[in-house]
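Trainee: Using the hints, position chain B against chain A.
Residue numbers (the working numbering), protein chains in the order written: chain A, 1 to 113; chain B, 1 to 114.
Treat the hints with care, since some could be wrong.
Cross-link-like lysine-lysine pairs, in silico, DSS-like; alpha carbons within 30 angstroms at most [claimed, not checked]:
1) B:K57 <-> B:K18
2) B:K70 <-> A:K56
3) B:K57 <-> A:K70
4) B:K53 <-> B:K70
5) A:K26 <-> B:K57
In case anyone wonders, no lab produced these hints; they're calculated from the structure.
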Amino acid sequence: SQQGEEDPQALSIQEGENATMNCSYKTSINNLQWYRQNSGRGLVHLILIRSNEREKHSGRLRVTLDTSKKSSSLLITASRAADTASYFCATDRRNTGGFKTIFGAGTRLFVKA
Amino acid sequence: DVKVTQSSRYLVKRTGEKVFLECVQDMDHENMFWYRQDPGLGLRLIYFSYDVKMKEKGDIPEGYSVSREKKERFSLILESASTNQTSMYLCASSFQTGVSTEAFFGQGTRLTVV
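Pulled out of the complex, with its shape left as it was, chain A reads as follows (with noise of 0.2 angstroms):
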């Protein structure tokens, strides 16, 4: 089962504006990630941000987290055409061996320019 689910599925915007996606999860978590992929590529880490903080920034990124709500947000400001993504948000299950990290459904992100 999805730990995490992103919501919008799909959002589309104008260059210049400010993009927000949102996720959702079940269970206690360590850490949440948000990771972005390129149309047909693989994944790349964008943030983490663990369970004790409840903001942090990255450049034009900022992320938030309510583990109270079990939810979180990331907010791209100023949004560029090459921002054009799906963006996928990451929590940690424990196992036997370790933490797995399991992904939501994501969101797809469309900057026109």
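Mentor: Frame of chain A; chain B shown alone:
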């Protein structure tokens, strides 16, 4: 730069064939993962390995097996390929630190079973 390399970008196999997907990482990562990605379903974990010769089932292990004889190499095996295994397969690796950490991905293998 961390590199995770999957042996093929595109693969076409026949139903019933035994298929091997290979993944190699060069960062001495303990953890390695195999996911499949299908439209609307995101990435689903097939198998996970946290050490040489150690493996754990993911969410959808049926029809697959894995092998990790060396730390840098993690192989996914489709014992008897079926058309419903047509998908994008992604390999990833990460350090084992007691909590989840950044995963590094290969470029993916798009497998078509005919």
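Trainee: Each of the hints needs a verdict: does it hold here or not?
Mentor: Results for each hint:
A hinted pair counts as satisfied when its Cα atoms are at most 30 angstroms apart, and K57 of chain B with K18 of chain B qualifies at roughly 20 angstroms. This hinted pair does not check out: K70 of chain B and K56 of chain A have alpha carbons roughly 37 angstroms apart, beyond 30 angstroms. For the proposed pair K57 of chain B and K70 of chain A, the alpha carbon gap of about 25 angstroms is at most 30 angstroms, so the pair holds. For the suggested pair K53 of chain B and K70 of chain B, the alpha carbons sit about 8 angstroms apart, so the restraint of at most 30 angstroms is met.
The straight-line distance between the Cα atoms of K26 of chain A and K57 of chain B is roughly 20 angstroms, inside the 30 angstroms bound, and the hint therefore holds.
The structure is inconsistent with hint 2 alone, although it conforms to all the rest.
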